[in-house]
Amino acid sequence: MLTPRRCGRINSVDIKVAPIVIILLLAMVLMAAKSTVPIIILLFSLLLHEIGHSLMAQALGLRVKEIVITPLGGMASIEGLSNRPIDEAKVAACGPLINLVIAGICALIDSDLAYLVMLINLGLGLGNLFPVFPLDGGRIIRGFFSAATNPVDAINSVGKISNYLCLVLLLFGYRFDFLILALAISVYCVVVQKKELFIQVLANGRSPSLSLSQTISKTFRFFRDGDRYHTPPPPDPHSKESNEASGSLEDFGGSLEEYFENKK
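Residues 513 to 776 (my numbering) make up the sequence shown, in order.
Since the hints were made in silico from the structure, they are not lab data.
Here a beta-carbon is modelled for each residue, glycine too, at the ideal position from N, C-alpha and C.
Please note that the accuracy of each hint is not assured.
[To be verified] Dumping the calculated DSS-like pairs for lysine-lysine here, alpha-carbon to alpha-carbon at most 30 Å: (1) 730 to 706; (2) 707 to 528; (3) 577 to 528; (4) 672 to 730; (5) 706 to 672; (6) 672 to 707; (7) 602 to 730; (8) 528 to 706; (9) 528 to 602; (10) 577 to 707; (11) 602 to 706; (12) 706 to 577; (13) 602 to 672; (14) 602 to 707; (15) 730 to 707.
[As the list claims (entries may be wrong)] What follows is a list of derived Cβ distance ranges for each label pair: (16) 594 to 672: 18 to 24 Å; (17) 536 to 622: 27 to 33 Å; (18) 542 to 713: 46 to 52 Å; (19) 716 to 534: 37 to 43 Å; (20) 519 to 617: 23 to 29 Å; (21) 537 to 707: 29 to 35 Å; (22) 517 to 549: 20 to 26 Å; (23) 571 to 518: 21 to 27 Å; (24) 551 to 521: 21 to 27 Å.
Could you build the full structure based on these sequences and the hints that come with them?
Here it is as C-alpha cells:
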C-alpha cells in the first residue's frame, strides 16, 4: 500500500506513486467529494515541482534516480548533491520557481479552475521558500552556508533558524486555533534537521563549531569577496615560515589537537 510503484518515466527519470494515493483519489471520485479536483491539482503541481528540481539537477550534470509521490508529498532522489552546495541551492530553488511561474500564468486566465490552480501553486511556491529545513527554502540557505563554511555548521545554523521560525509557528497556532497542526509540523522539522545534523557529523568527523551569527558573517563575506575570502593563497614551500611549520609538526610527538593547542 505504501511502497511506491513505477507508473511512468519523464526525461529518463522514473515516476513512482504510492498505491494509497491512487486509492484515495478513487475513493474521493466515488464519493463525489468536493475536494477531489483540488487534490488532483495539488498532486500534479507537486509532480511539476519535483520535475523542476530534476531538470535543474540534470542540467548541472547530476543523476536523478526517481521522483516519488506519496500522501505526504513528493521527493526527487538526486545523487551527488551533498558535495555541491551551490548546486544544491540552485536545485532547491527550481521547484518553487516552477510553481510560481504556473501561478503567474494562471493569474492571467479568467476562470474558476485557473484561479484554483493559481492559489495551489502560489501556496506551494511561497510555502516551500519558507527558510525551514527540510523545505526548499531551508535547503537553499543550507547550500549557501555550506559553500562558505562546512556541511556540519551549515545544517546546524539552518536548524537554529528553523527552531526560531517553528516557535513563531507555534505561537500563531495557539493564537489562531491550529496548535496541534503547528506542533506536528514543528516536531517533524526538528526531527528531520537533527537526523541530518547527526549524519553530517558522522560523515565529516566534526561537531558544530560556529554560532549562527558567525555562520551568517562568513557567508556574507564569502559571497562578497568570493575566492579571495574562501580560498587563501597556498604557502610558499621555500619560505622560512613554511619550513619551520613543517619541521615542527614532523618533530612533534603528540596528537594534532595537542600540537595546535601548544601553538596558541
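Going through the hints against the structure:
no., hint, verdict
1, 730 to 706, "holds (23 Å)"
2, 707 to 528, "holds (25 Å)"
3, 577 to 528, "holds (11 Å)"
4, 672 to 730, "holds (16 Å)"
5, 706 to 672, "holds (11 Å)"
6, 672 to 707, "holds (14 Å)"
7, 602 to 730, "holds (20 Å)"
8, 528 to 706, "holds (28 Å)"
9, 528 to 602, "holds (24 Å)"
10, 577 to 707, "holds (22 Å)"
11, 602 to 706, "holds (23 Å)"
12, 706 to 577, "holds (25 Å)"
13, 602 to 672, "holds (22 Å)"
14, 602 to 707, "holds (23 Å)"
15, 730 to 707, "holds (25 Å)"
16, 594 to 672: 18 to 24 Å, "holds (20 Å)"
17, 536 to 622: 27 to 33 Å, "holds (31 Å)"
18, 542 to 713: 46 to 52 Å, "holds (49 Å)"
19, 716 to 534: 37 to 43 Å, "holds (41 Å)"
20, 519 to 617: 23 to 29 Å, "holds (26 Å)"
21, 537 to 707: 29 to 35 Å, "holds (31 Å)"
22, 517 to 549: 20 to 26 Å, "holds (24 Å)"
23, 571 to 518: 21 to 27 Å, "holds (24 Å)"
24, 551 to 521: 21 to 27 Å, "holds (24 Å)"
Checked against the numbered hints above, the structure breaks none of them.
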